[in-house]
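Asks: Spelled out, the chains give:
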Amino acid sequence: MIEINNISKAFNGKEVLKGISAQFQKGETNLIIGGSGTGKSVLLKCMIGLVKPDEGNVLYNGRDFYHCDKDTQQSIRREMGVLFQGGALFDSKTVEENVRFPLDMLTTQSTEEKRERVAFCLQRVGLEQAAKRMPSEISGGMKKRVGIARAIVMNPAYLFCDEPNSGLDPLTSVKIDELIKEITEEYQITTIIITHDMNSVMEIGQNIMFLYQGHKLWEGVNTDITKTDVPELKEFLFSNKLLREMQE
Amino acid sequence: MSVIGKYFIFLGTLFGKGEKLSVYWRRLMEECVGIGVSSIFIVAIVSTFIGAVSCIQTAYNLVSPIIPISTVALIVRDMEILELAPTITCIVLAGKVGSNIASELGTMRITEQIDALEVMGINSSSYLVLPKVVAAMLTFPMLVIFSAFLGILGGYLAGTLTGVITERDYLYGIRDSFVPYNIFFMCVKPFVFGFLIASISSFKGFFTSGGALEVGKASTQAVTNSCISILVADYLLAQLLL
Chain A
1 MIEINNISKA FNGKEVLKGI SAQFQKGETN LIIGGSGTGK SVLLKCMIGL VKPDEGNVLY
61 NGRDFYHCDK DTQQSIRREM GVLFQGGALF DSKTVEENVR FPLDMLTTQS TEEKRERVAF
121 CLQRVGLEQA AKRMPSEISG GMKKRVGIAR AIVMNPAYLF CDEPNSGLDP LTSVKIDELI
181 KEITEEYQIT TIIITHDMNS VMEIGQNIMF LYQGHKLWEG VNTDITKTDV PELKEFLFSN
241 KLLREMQE
Chain B
1 MSVIGKYFIF LGTLFGKGEK LSVYWRRLME ECVGIGVSSI FIVAIVSTFI GAVSCIQTAY
61 NLVSPIIPIS TVALIVRDME ILELAPTITC IVLAGKVGSN IASELGTMRI TEQIDALEVM
121 GINSSSYLVL PKVVAAMLTF PMLVIFSAFL GILGGYLAGT LTGVITERDY LYGIRDSFVP
181 YNIFFMCVKP FVFGFLIASI SSFKGFFTSG GALEVGKAST QAVTNSCISI LVADYLLAQL
241 LL
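Chains A and B are the protein sequences, given in the same order. Residues in the first sequence are numbered consecutively from 1, following the UniProt record's numbering. Residues in the second sequence are numbered consecutively from 1, following the UniProt record's numbering.
Calculated from the structure, these hints are not laboratory results. Treat each hint with caution, since some may be false.
[As the list claims (entries may be wrong)] Here are the simulated lysine to aspartate or glutamate pairs, EDC-like style, with alpha carbons at most 20 Å apart:
no., chain 1, residue 1, chain 2, residue 2
1, B, K20, A, E113
2, A, K52, B, E214
3, A, K26, B, D115
4, B, K17, A, D69
5, B, K17, A, E97
6, A, K45, B, E19
7, A, K93, B, D176
8, A, K52, B, E19
9, A, K70, B, E112
10, B, K17, A, D104
11, B, K20, A, D104
12, A, K93, B, D234
13, A, K93, B, E112
14, A, K93, B, E167
15, A, K70, B, D115
16, B, K20, A, E97
17, B, K20, A, D71
18, A, K26, B, E167
For clarity, every value in this text was computed on a predicted model and none was experimentally measured.
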């Protein structure tokens with residue numbers, strides 16, 4: 001379980017996050033939604049240690065990430081898997097080398113063990129055929145899947161996905177969502193997804209948090225979200241003409 | 001001043017908690033190939049022509065009958081060893097290697113590859129930058145020795161082929177009044193310049209933010225700042241060591 005308490009962050013005096021608190025449960029796909037510039041990515045970066053919050057704390061199964069010793073922090077980091085928006089694959093390495101990279105750097109596994117683990121992860125995301133290809137030779141959707149394979153190669157307890165559907169066609173988006181949900185349930189991972197994608201919200205949003213101008217305005221499950229009476233959330237949800245007509 | 005302070009803090013992070021030695025060894029070899037071996041061609045071309053031009057222009061200016069023609073070779077040799085091979089070669093390398101390092105790290109930063117390393121708990125600056133700095137400090141002196149050799153050879157070819165100086169005079173001139181200490185001085189310079197080029201360019205690339213435009217700017221600043229630092233260090237080394 002991940003717990004965030006009273007997270008605040010300001011850049012050059014401008015408050016981006018204002019006292020955000022939430023709990024994200026194990027084995028659930030937790031979504032953080034909101035318009036552009038509402039602080040979703042900053043909140044994610046605060047949780048994974050890329051941006052230090054000005055106030056508040058982030059607890060990983062009770063371990064305070066920002067107020068623990070370096071070894072504990074390092075062990076928490078090793079339990080994290082992160083899928084970045086663009087995949088963040090290393091350009092100079094093949095797909096296979098990208099997935100193997102955390103094992104090479106952080107474990108003492110034998111070459112055979114690493115090979116088996118990489119093959120398993122690539123097979124899990126359906127990319128066993130692309131192992132020898134370079135990131136520049138694969139599509140955006142494949143890059144995301146390689147990113148997922150790299151994120152799960154260390155058997156993470158926590159999976160963070162920053163806009164996993166951005167730049168993908170609707171069909172590929174659905175496949176990526178299904179893959180993340182399957183992995184979350186199969187390995188009982190605490191998954192946090194930053195997204196704008198309404199399809200993701202409706203399909204895999206087991207716990208949804210809506211951010212607006214740095215504040216948490218709503219939290220709940222996908223079956224309740226359309227019944228909300230928070231005007232900002234309604235505006236966000238029904239910004240699409242088709243959805244608005246359906247609601248009416 | 002804050003930028004200089006940030007630069008020194010950045011240098012400190014290179015020696016923070018690192019990774020396995022085998023990882024650094026592999027990275028160092030990759031960087032030696034990327035920085036050193038891939039620069040051989042440009043160094044060879046630049047050095048040969050600079051040596052050739054130095055010989056022709058020195059001969060053109062030495063028209064006094066009381067100065068022996070072998071002095072042309074002596075001047076070419078000393079110019080190559082003391083200044084042209086170490087400084088000009090490193091300025092060329094600042095353009096080639098410096099821009100390459102800054103743009104590589106800048107692109108890695110804006111595409112979140114550096115963030116990915118940090119999230120894994122890897123000391124990204126040490127993993128990415130330290131091998132580049134060490135590789136530059138190791139390969140630049142080798143490239144400069146190669147450059148000095150080719151520069152003197154270029155002078156020989158240009159001088160003898162155009163009839164400006166005979167083969168015998170040239171060979172006599174390059175051995176006349178030779179000071180072995182100058183070779184040591186020649187090797188110290190690229191060692192220092194290699195550190196400056198690799199660390200300044202890495203610093204510029206590592207802290208790039210924004211998009212493609214900023215990567216271009218970082219690359220330009222890396223080359224400009226590296227060249228300025230080379231010239232300042234060149235003067236200081238000359239004052240200190242000669």
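Asks: Hint by hint, say whether it matches the structure.
Replies: Each hint tested on the structure:
no., hint, result
1, K20/B - E113/A, "holds (19 Å)"
2, K52/A - E214/B, "violated (24 Å)"
3, K26/A - D115/B, "violated (25 Å)"
4, K17/B - D69/A, "holds (14 Å)"
5, K17/B - E97/A, "violated (24 Å)"
6, K45/A - E19/B, "violated (24 Å)"
7, K93/A - D176/B, "violated (52 Å)"
8, K52/A - E19/B, "violated (24 Å)"
9, K70/A - E112/B, "violated (23 Å)"
10, K17/B - D104/A, "holds (17 Å)"
11, K20/B - D104/A, "holds (10 Å)"
12, K93/A - D234/B, "violated (38 Å)"
13, K93/A - E112/B, "holds (15 Å)"
14, K93/A - E167/B, "violated (51 Å)"
15, K70/A - D115/B, "holds (18 Å)"
16, K20/B - E97/A, "holds (17 Å)"
17, K20/B - D71/A, "holds (17 Å)"
18, K26/A - E167/B, "violated (82 Å)"
Going down the numbered hints, you'll see the structure goes against 2, 3, 5, 6, 7, 8, 9, 12, 14 and 18, while the others check out.
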